[in-house]
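Whenever a hint applies, use it, and build me the whole structure from the sequences.
Heads up: the sequence lines are chains B and D, in that order. Numbering-wise (numbering that gives the first Met the number 0), the first sequence opens with residue 0 and increments by one. Numbering-wise (numbering that gives the first Met the number 0), the second sequence opens with residue 0 and increments by one.
A hint or two may mislead.
What the hints assert, rightly or not - Pairs of lysine-lysine residues, derived as DSS-like cross-links and limited to a Cα-Cα distance of at most 30 Å, are as follows: (1) B:92 / D:126; (2) B:108 / B:84; (3) D:88 / B:90; (4) B:92 / D:56.
What the hints assert, rightly or not - Anything over 12 Å on all C-beta distances counts as not near chain D; from chain B, calculated: (5) 11; (6) 15; (7) 16; (8) 29; (9) 87; (10) 108; (11) 118; (12) 122; (13) 123.
No lab work stands behind these hints: they were computed from the structure. Just so it is clear, CB atoms sit at the ideal spot from N, CA and C, and this is done for glycine as well.
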Amino acid sequence: MRKSELLVEVAKNIGIKGTINVPDGLWGYGKIKYDEGKCIGCSKCEVNCSEGAISFERIFDLPKIYEAEKSDGSLKKDRIVALIKSLTLKKPKNPINVPELVEGYGNVKIDLDKCIGCGNCQRYCTGKALKVEKILEIGGGN
Amino acid sequence: MSDFEPKIITFCCNYCSYVAADTAGTRKEHYPANVELLRLPCSGKVDILYILEAFNKGVDGVLVTGCRKEQCHFMEGNYKAEAKVMFLKDILDEIGFGGNRLHVQFMSAGEPDEFVRAVTDMTARIKELGPNPVENKK
Numbered sequence: 000m001r002k003s004e005l006l007v008e009v010a011k012n013i014g015i016k017g018t019i020n021v022p023d024g025l026w027g028y029g030k031i032k033y034d035e036g037k038c039i040g041c042s043k044c045e046v047n048c049s050e051g052a053i054s055f056e057r058i059f060d061l062p063k064i065y066e067a068e069k070s071d072g073s074l075k076k077d078r079i080v081a082l083i084k085s086l087t088l089k090k091p092k093n094p095i096n097v098p099e100l101v102e103g104y105g106n107v108k109i110d111l112d113k114c115i116g117c118g119n120c121q122r123y124c125t126g127k128a129l130k131v132e133k134i135l136e137i138g139g140g141n
Numbered sequence: 000m001s002d003f004e005p006k007i008i009t010f011c012c013n014y015c016s017y018v019a020a021d022t023a024g025t026r027k028e029h030y031p032a033n034v035e036l037l038r039l040p041c042s043g044k045v046d047i048l049y050i051l052e053a054f055n056k057g058v059d060g061v062l063v064t065g066c067r068k069e070q071c072h073f074m075e076g077n078y079k080a081e082a083k084v085m086f087l088k089d090i091l092d093e094i095g096f097g098g099n100r101l102h103v104q105f106m107s108a109g110e111p112d113e114f115v116r117a118v119t120d121m122t123a124r125i126k127e128l129g130p131n132p133v134e135n136k137k
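Here you go:
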C-alpha cells in the first residue's frame, strides 16, 4: 500500500476529513496528472525517475487518437490526427506497436506505488504533460 | 485496362539513391515518367507526416529510397527510415487506406538499374491498385 494511502487510512480512523494541500518541501504525498495530448514521446520522464515509477510504452493508440477532438492546441499530434482522419476508409480498431527506432510516439505509464513525489518527471518533461499535484484527499475522495 | 497514369513521389536520399537516379539519367535509361523525386539529406529524415501529406494531396503511391544497410552516409538513417515506413504501413492498413501504396527500397550509388527496377515495379503495382481511394476536395 502506498505511504499516502496508509496515512489516509489512519487519518480516517481518527476522524479527520477533507482535502489537504501538501506543502512544497514535503515529498512523497500527492499524485501525478498525465496529459496525453501534450506528450511528445521523448521518454525523459522514464530516464529521470530515480524510483523507476514511470515506464514508456511504445503503443500508438490509434482508435483513441482517431476519436480525439482538436481543441485549444493541446493535442500535439494535431496535424497527424487530421491527416489520418482525412485518409480513413474504415474506422481503426487496434492500437499499433511503435518500432524501436521511431521517436515521438508512445504513452507513459505511471506506477504510483513507487512514486516518491520528487517532481523530477515534471521538471524534465519536454511537453509539460506531467504535473505533480500535491493534494491529499481524506474522507470523501479516493 | 484504363489509361490511368499513377502519380508517385519518391523520397530519396542525397548520397546513394539520388546518385543512382542521376546515373540512370546520364545513361539515358528509360524509366516511367510517373515518378517525381524529392531529395532529402538522408532517408532517415523522412517522417510519417511527409508521407501522410503526400497522400492527402492525392498522390497515388510513395516510394522511399536510401542507401543499403551498413552503407548509410549518416550511419543508421536507413534503419530509421525502414522503421518509420513499417510503422506507417501498419497505420495505413488499419485505417483501410492500404499500406501497399508505400514501399521502401535500398540501393547503392553504383546501381542505377536497381533504381530503374524499383521505379518500374512501383508504377506497375500502383497501376494495378488504382488511383488514390480518397476523393480530395482540396
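Structure-based check of each hint:
Of the pairs offered as hints, the one joining residue 92 of chain B and residue 126 of chain D holds, with about 29 Å between alpha carbons and a cut-off of 30 Å not exceeded. At roughly 26 Å between alpha-carbon atoms, residue 108 of chain B and residue 84 of chain B fall within 30 Å of each other, so this suggested pair holds. Taking the CA atoms of residue 88 of chain D and residue 90 of chain B, the gap is about 16 Å. The hint holds against a cut of 30 Å. The straight-line distance between the Cα atoms of residue 92 of chain B and residue 56 of chain D is roughly 25 Å, inside the 30 Å bound, and the hint therefore holds.
Non-interface status of residue 11 of chain B relative to chain D is upheld: no Cβ of that chain comes within 12 Å, the nearest being about 47 Å off. Every CB of chain D is more than 12 Å from the CB of residue 15 of chain B (nearest about 51 Å), matching its label as outside the interface. The non-interface label for residue 16 of chain B is consistent with chain D: the shortest C-beta to C-beta separation is roughly 49 Å, beyond 12 Å. In this structure residue 29 of chain B is separated from chain D by more than 12 Å, as the shortest Cβ-Cβ distance comes to about 36 Å.
Not every Cβ of chain D is farther than 12 Å from the Cβ of residue 87 of chain B; the closest lies at roughly 4 Å, contradicting the non-interface assignment. The beta carbon of residue 108 of chain B sits about 20 Å from the closest Cβ of chain D, which is more than 12 Å, so the claim that it is off the interface holds. With a least CB separation of 33 Å from chain D, residue 118 of chain B remains clear of the 12 Å interface cut-off, as annotated. Every CB of chain D is more than 12 Å from the CB of residue 122 of chain B (nearest about 28 Å), matching its label as outside the interface.
With a closest Cβ-Cβ approach of about 24 Å to chain D, residue 123 of chain B is found to remain outside the 12 Å limit, as its non-interface label requires.
Consistency note: the structure conflicts with earlier hint 9 alone.
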